[in-house]
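Student: So you can see what is in the structure, the chains are spelled out below.
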Amino acid sequence: MDQKGFRRGSFQSATSDEDMLEIAGASTDFSMADDDPPLDREMGGFSSYNGGGMNGTSTMMDFLEEPLPGVGTYEDFNTIDWVREKSRDRDRHREITNRSKESTWALLHSVSDAFSGWLLMLLIGLLAGSLAGLIDISAHWMTDLKEGVCLAGFWFNHEHCCWKSNTTFTDRDKCPEWKSWSQLILGHGEGAFAYILNYFMYVVWALMFSLLAVLLVKGFAPYACGSGIPEIKTILSGFIIRGYLGKWTLVIKTITLVLAVSSGLSLGKEGPLVHVACCCGNILCHLFTKYRKNEAKRREVLSAAAAAGVSVAFGAPIGGVLFSLEEVSYYFPLKTLWRSFFAALVAAFTLRSINPFGNSRLVLFYVEFHMPWHLLELVPFILLGIFGGLWGAFFIRSNIAWCRRRKTTRLGKYPVLEVIVVTAITAILAFPNEYTRMSTSELISELFNDCGILDSSKLCEYVNDFNSTKGDDLPDRAAGPGVYTAMWQLALALIMKVFITIFTFGMKVPSGLFIPSMAVGAIAGRLLGVAVEQLAFYHHDWAIFSGWCSPGADCITPGLYAMVGAAACLGGVTRMTVSLVVIMFELTGGLEYIVPLMAAAMTSKWVADAIGREGIYDAHIRLNGYPFLEAKEEFSHKTRAMDVMRPRKSDPPLTVITQDTMTVEDVETIITSTTYSGYPVVVSRASQRLVGFVLRRDLIISIENARKKQDGIVSTSIICFTDYCPPLPPSSPSVLKLRSILDLSPFTVTDETPMEIVVDIFRKLGLRQCLVTHNGKLLGIITKKDVLKHIAQMANQDPDSILFN
Amino acid sequence: ILFPQAPRMFAPNSRNSVSPVLLLVLLGCVLCPPAQASKSSEDIRCKCICPPYRNISGHIYNKNVSQKDCNCLHVVEPMPVPGNDVEAYCLLCECKYEERSTTTIKVIIIIYLSVVGALLLYMAFLVLVDPLIRKPDPYTQPLHNEEDSEDAHSLAAVPTLAGARANTVLERVEGAQQRWKRQVQEQRKTVFDRHKMLS
Numbered sequence: 005m006d007q008k009g010f011r012r013g014s015f016q017s018a019t020s021d022e023d024m025l026e027i028a029g030a031s032t033d034f035s036m037a038d039d040d041p042p043l044d045r046e047m048g049g050f051s052s053y054n055g056g057g058m059n060g061t062s063t064m065m066d067f068l069e070e071p072l073p074g075v076g077t078y079e080d081f082n083t084i085d086w087v088r089e090k091s092r093d094r095d096r097h098r099e100i101t102n103r104s105k106e107s108t109w110a111l112l113h114s115v116s117d118a119f120s121g122w123l124l125m126l127l128i129g130l131l132a133g134s135l136a137g138l139i140d141i142s143a144h145w146m147t148d149l150k151e152g153v154c155l156a157g158f159w160f161n162h163e164h165c166c167w168k169s170n171t172t173f174t175d176r177d178k179c180p181e182w183k184s185w186s187q188l189i190l191g192h193g194e195g196a197f198a199y200i201l202n203y204f205m206y207v208v209w210a211l212m213f214s215l216l217a218v219l220l221v222k223g224f225a226p227y228a229c230g231s232g233i234p235e236i237k238t239i240l241s242g243f244i245i246r247g248y249l250g251k252w253t254l255v256i257k258t259i260t261l262v263l264a265v266s267s268g269l270s271l272g273k274e275g276p277l278v279h280v281a282c283c284c285g286n287i288l289c290h291l292f293t294k295y296r297k298n299e300a301k302r303r304e305v306l307s308a309a310a311a312a313g314v315s316v317a318f319g320a321p322i323g324g325v326l327f328s329l330e331e332v333s334y335y336f337p338l339k340t341l342w343r344s345f346f347a348a349l350v351a352a353f354t355l356r357s358i359n360p361f362g363n364s365r366l367v368l369f370y371v372e373f374h375m376p377w378h379l380l381e382l383v384p385f386i387l388l389g390i391f392g393g394l395w396g397a398f399f400i401r402s403n404i405a406w407c408r409r410r411k412t413t414r415l416g417k418y419p420v421l422e423v424i425v426v427t428a429i430t431a432i433l434a435f436p437n438e439y440t441r442m443s444t445s446e447l448i449s450e451l452f453n454d455c456g457i458l459d460s461s462k463l464c465e466y467v468n469d470f471n472s473t474k475g476d477d478l479p480d481r482a483a484g485p486g487v488y489t490a491m492w493q494l495a496l497a498l499i500m501k502v503f504i505t506i507f508t509f510g511m512k513v514p515s516g517l518f519i520p521s522m523a524v525g526a527i528a529g530r531l532l533g534v535a536v537e538q539l540a541f542y543h544h545d546w547a548i549f550s551g552w553c554s555p556g557a558d559c560i561t562p563g564l565y566a567m568v569g570a571a572a573c574l575g576g577v578t579r580m581t582v583s584l585v586v587i588m589f590e591l592t593g594g595l596e597y598i599v600p601l602m603a604a605a606m607t608s609k610w611v612a613d614a615i616g617r618e619g620i621y622d623a624h625i626r627l628n629g630y631p632f633l634e635a636k637e638e639f640s641h642k643t644r645a646m647d648v649m650r651p652r653k654s655d656p657p658l659t660v661i662t663q664d665t666m667t668v669e670d671v672e673t674i675i676t677s678t679t680y681s682g683y684p685v686v687v688s689r690a691s692q693r694l695v696g697f698v699l700r701r702d703l704i705i706s707i708e709n710a711r712k713k714q715d716g717i718v719s720t721s722i723i724c725f726t727d728y729c730p731p732l733p734p735s736s737p738s739v740l741k742l743r744s745i746l747d748l749s750p751f752t753v754t755d756e757t758p759m760e761i762v763v764d765i766f767r768k769l770g771l772r773q774c775l776v777t778h779n780g781k782l783l784g785i786i787t788k789k790d791v792l793k794h795i796a797q798m799a800n801q802d803p804d805s806i807l808f809n
Numbered sequence: 431i432l433f434p435q436a437p438r439m440f441a442p443n444s445r446n447s448v449s450p451v452l453l454l455v456l457l458g459c460v461l462c463p464p465a466q467a468s469k470s471s472e473d474i475r476c477k478c479i480c481p482p483y484r485n486i487s488g489h490i491y492n493k494n495v496s497q498k499d500c501n502c503l504h505v506v507e508p509m510p511v512p513g514n515d516v517e518a519y520c521l522l523c524e525c526k527y528e529e530r531s532t533t534t535i536k537v538i539i540i541i542y543l544s545v546v547g548a549l550l551l552y553m554a555f556l557v558l559v560d561p562l563i564r565k566p567d568p569y570t571q572p573l574h575n576e577e578d579s580e581d582a583h584s585l586a587a588v589p590t591l592a593g594a595r596a597n598t599v600l601e602r603v604e605g606a607q608q609r610w611k612r613q614v615q616e617q618r619k620t621v622f623d624r625h626k627m628l629s
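Going line by line, the protein sequences match chains S and Z.
Residue 5 is where the first sequence starts when you use the working numbering, and the numbers rise one by one after that.
Residue 431 is where the second sequence starts when you use the working numbering, and the numbers rise one by one after that.
In short, the hints are calculated from the structure, not lab data.
You can trust all of the hints, since none of them are fake.
Output of the computed footprint for chain S on chain Z, the stretches with three or more beta carbons under 8 Å from beta carbons of chain S:
#1 538-544
#2 612-618
In silico DSBU-like links for lysine-lysine, alpha-carbon gap of 35 Å or less:
#3 S:Lys301 <-> Z:Lys611
#4 S:Lys301 <-> Z:Lys626
#5 S:Lys781 <-> S:Lys793
#6 Z:Lys611 <-> S:Lys713
#7 Z:Lys626 <-> S:Lys768
#8 Z:Lys536 <-> S:Lys462
#9 S:Lys105 <-> S:Lys301
#10 S:Lys301 <-> S:Lys339
#11 S:Lys462 <-> Z:Lys477
#12 S:Lys462 <-> Z:Lys493
#13 S:Lys339 <-> S:Lys105
#14 S:Lys183 <-> Z:Lys493
#15 S:Lys741 <-> S:Lys713
#16 S:Lys411 <-> Z:Lys626
#17 S:Lys183 <-> Z:Lys526
#18 S:Lys793 <-> S:Lys642
C-beta: ideal position from N, C-alpha, C; glycine also.
Chain Z on its own, in the form it takes in the complex (with noise of 0.2 Å):
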């Protein structure tokens, strides 16, 4: 094979957990749309702010033009002063072009509420419920007793014991999960326990 790369280079790296993955993904593809999404008509909007102008209060005039019309002269209507005091008028006022996207920001703040959500439904299913649904495995240590031995070197052959039932999916998921909690743990002790990190 002369490119043995080219299947790696877009191999998926699902290893340890699909779901930030999969976040991540969905994040980018809705993300994509609302970045060139057509702005609706109430989107885009010229603000002329003017202030009290002799016997005059101040008003704010919004009008929805385009960016080459937004001037004194198109928005502020009907015009409070004569004809010849326009133009001193018009100096006085402060017109700003604005544009906003409320489907950016409804899927946004969507997608983050989603995200928090399934996060705090993950966190209360490990917390509550896997303890009670997972047996508790023939060869398997408690972890918290990792911290108290030190490993002996050793560089004999030791046959693998999981080796042979990781094969089914649901295995798998298992597997990477237990791992991805043991390397949580490990990240927990370094950082909050033994403060080698972080501060």
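Bound conformation, chain S alone (with noise of 0.2 Å):
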């Protein structure tokens, strides 16, 4: 059902030079341009401006007192105006306390209406806890689907079927309730033809859960696809991208992500549940007023959310925070903090309390141990953060050249294809190596885990000395050959993951990170600390080791080395600093290893930073040409706002509306004939003096409904944007005013006006536009859009990348 011949499409715009985005055939209609839109279908009075709605249940609206719906409110891929929201929430609480002292009821109304936030904080945890809950037991159900199948119960995975049954101590893993797919079809599990099957159910499993999920993205929910990450930056910062924080992108998130981690693709599901955690909230906002009118408010708490999204997923609640903090928001009030931090431990205990994993973790590598480490150690570890440095920078570049190959050649017209194709590939390539045909949290789980006497895994088949333990303190011991066939698997995996990740990243399924960095890291880590602990172990009496490792003590701890290689390769891509910290150290659970993991952090930032500016989510945003203006870098450059500004030198004068000479026809003439997002009100033409700024969206409205509702309005009434009209002959039409849509305060500043100050000001107050004036009189406007051109013009990128407004 096309809408083109509606009213609805005056809305919209064609390309635009300023400010909107060419989407032909991009609804601007408020009922459909959004999942939830802005106007509530209980306004009766504004089911006429949707083509397709209800007509004539209007309410008149009385101009002079109620805002019209629709006016304030925001197009798709549009930025919104943070200092007008931020001044009518400060309207609302205003006007919400001086009737609090009227009656009782508004008293209550406006202690609840304080309460509103804690309360939508309780229920974005609670949900975001139950939905982590569920991502991580079907997760873990659903990857060892592709191995086998439970007998006691189909709804068990392999840890879960073992519990009950009685297993010897050597055979730890196997019990009889569990079936691998060779040994039920077949009825055995030995032998080449049952490898083969199991190779070949397990690539099916793989390729069925991926189609499944790429299936369902491409036809439910197109936004659900990529980490997401990037977009809830943009969206932070003010951008409006209707549909992206849904329900419909919630539900079909979820179950893809799901899929996609159960098939085995080199991928984590944090990034993500970040995503899930900020649709929750945007879904719950609508249940409260003040979130859901107000688009300012509504940012505040989507940064609480993801900080509860990283929450769950790392079981971090402060790392959480942080990250929401440093990564993700963009401006973050101190009410933020405090709030943010709340929502993070709802949902960290809710995750708890449905005990995902057992032995009430939250994440399934959670580290334990708590040995001590040397100061010599720093070496290796600084070794680690380079190494990390040299990884992150190197997967951002080849990830971001692949990923613009994707978006420019024929490689992007076949999504489905190419998911079953690197599906494929990373199952072909993942079954013969233990290590990668586990799921990639567990390899975590396992390189993390220190080594005791009672682990029976590849890793840890060292030269045991029986007569030499005391207790459980395990010293270093020579490594055994089981040690040797785990170090060269690892360092295949390590290859394959290493490559295998920069096409999985960025694919049309849902697809995190953190958990593939934090893996080459983990592998990288152990290698070397094996090999160090060998080292100290043949070699005990040299120099270096001879003061604090003698024969017989436990000094090396080649788990705390992969931590180590997993903080400092995940620092390096993201360019994390605290938050990655803070994550790190209540992953372990203490202080003591605070050192190591800073030093090789920042060893790692120090490197990768040397290489590339960016991390991958800020490459991701440059990439897709979003509007995001950057707030950590200085803008260095001597430019001054007249070079900015628009109209140039050569361009037809900047179109103005004057305050009370202009007929409705003029100003519609004006609004079809260019495709501006806003037009400032002056005096006169002759004089130039500033009176204000309105917008468009709110002028059309304004207009069309004046026309409808409004008695005498016809194309030659003078609009007024002043108080007090000119008085006009009685024959003629009556004046439409318009003066409660005129932004009366918009910021300007004076051509000479360095670049650098106009920049700090887009970002402090995240402007939209602002007016240069020259001697007191208008000269020209700057837009958003022209300052990241400027910017990228500056920084020798290409300055049409920027696409959006």
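Need the complex rebuilt from these two chains, each delivered in its own frame; the hints are there to steer you.
Tutor: So this is what it looks like as structure tokens:
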């Protein structure tokens, strides 16, 4: 059903120099442009604006008192006006406070309004925690489904299936209730044919899961693919992407995340969990008027929801809040800090009570050892940091190159085929190597694990000398054959993961990259750790070891090296600093390892920054051309406002509206002939003295409403933006007063203002546009898009890569 | 009315699709009881793993005890070593208290599978059955024409066509479904065809 012929087409704009994104057919229809449109159906008077809606049940809108519905809302792919939203919230709050003195009911209303924020945080925490629990349990089960099935109840995964059975010490992982596919089909699990059958079933299940995932994404919610963090960063900086945080996106993202993780692809679930939590936040915002109507307040809630998302992903509430502060949020007032922490705690607590991993752990790879480390070990830790930085820079460069190829060439036309091919390659290469066959979280858990006397994995197959064991503290021992096999298998796994993640991140299924980066780092760290351990064991008489590592002592902990490596690689890719260290130390449960973690994280960030400036999320923002004004970079060029403002010297003069001499028809002509998102209002064309700024959307709504509802408004009616309109002869049509939609305090700078200050103003205040005056007269306008283009130009990037408003 | 926002605060927003909201609510209701489910006796245990000691082979002991009794002395029975060696043996053993909730696991997996099944059925319905039963609307243009034409800016009021008939429940649901489909189409174009978002 094409709505082109309907009036909503008037809200659309074609290619625009200034502000609107060209999305042909993109509806700016309030009812369909969005999962949860800004205007509620309950406002009956508004329905006449939607072409397809009901007609006629309009209440008479009093122009002088009530704002029109639709005025003050934003179109899709536009930036919000932070200043206006914040001042609207303050007005609302003031009104409630003033009215609370009138009656008890109003007092209760004001109290409930104050508490609504906390109630909302509680609900977000509960919902995010529950969804994370669902994702964890389902992913765990489906990952094991590729290998076999539990006869005692098909819903049990391997670990839970073997919970009840009496296993022997030597065969701790086998139990009769768990049957691999070859055991189920053939009756026995040994032999070449059984192996091939297992291999085949593994690949088939992986393909099925990923095919289902990409079909669901393509069919129901195309916004559910990818990581989500770059887009959430952009949304939190003021951009509007309708539908990105909607109900269908939430459902599909949750379901397909489980499928994507279970299919054995080299991706993680932390980034998508942030998206899921923000969707929960956005959906729950609609229960409270305070947050539903105000875009700035809603972004505070989304910041808190992002913190809750990271908190359930890592079991790290403080780390989650710091992640939200450092990586995701743009404006983070102090009030949000406390509320984010509350939401993160509630989410972590909910997840704990669902207990997805047994033993009330929140993350699969919780670390429980507390061995001391020696100062000399900082050298390998810094080496790991350098490795992390190098790998991070390499990954970002190659991933962006691959994603750019996907965007521009024919590769992008076959998303389903691409997912299937990548899954097939991953599954076929992953099965033979035990360390790639297991899920990445389990791999990390095993690598972080310190070998105790009871561990039976290959990695812990040291040559044991039982006579010299004192209690549970094992000394450094010579590596047995199992360790050597594990080493080269891990090396192969490392190479495979390094390359396959480049092609996996950014595909059209939900994909995160925390877990693959941590896996790469953990493998590298463990390899280095075992190497150092063996070096210390065989050469304990060297000068560097003799001081602190006597034979029989447990000095080197390879698990710690794995952890430091994981932190280094994650830091190299995402360039997180404080939040990374806090997440890692919340994972380990202690402060012993803060110094190695910080050393590695700092080294990796410095090395990676020396090679390439941006982290992976900023690189993706730049690749997609989102209008994100980077808050961390300094603008250091000596240009001035007059160099950036529009109109340039060769352009026609600035399109303005006069305060009381233009007719409705004139204004309509201006609106249809230009595509600007707002117009300055001046006293007269001769004087060009500034009165205010009026937005296009508000003008359109008001004029259309006036034509319908108000008597006597025709094309020749004068539009008056002042309080006291000039007297007209009695035969002329009545005046249309539009002062209520005029912004009387637009920001202005003079033309000689240095661009450094202008960029700072845009960043700190969140402006969309800024007027430029010269000697008190209006000269031009600078929009956020102009600023972004200018910054790109100064950095010698392609200024036309800024696509959006 | 002093409190006009009250009914709106909790008004449900079931505009374009009822099923995801229902699913979420269902999810919430069903997830709450398992979180507080009383633990059945078979869901808790104390697991002690004892390695090989002298000439005794390694063994795993499971017993259904509470957390304060979860140590070697209560769980390892029969004790394989004589009385004076018990302490040395127990130092080697590692005892862990574990609990799980089978009901939670069962419920969650079944919810998940039913949601996936429902989505698959809906997708099959949309792809196979829907085009057959839906008669082409006389005043709708085919969707793939949208990307060709740019709109002329017009502020002229155009009478709404679909205004009068959207009143019965079925019509409203159908209208909602049509709007949702258009929205997904739009998103698909942005992400998959024009590659404007999400690379």
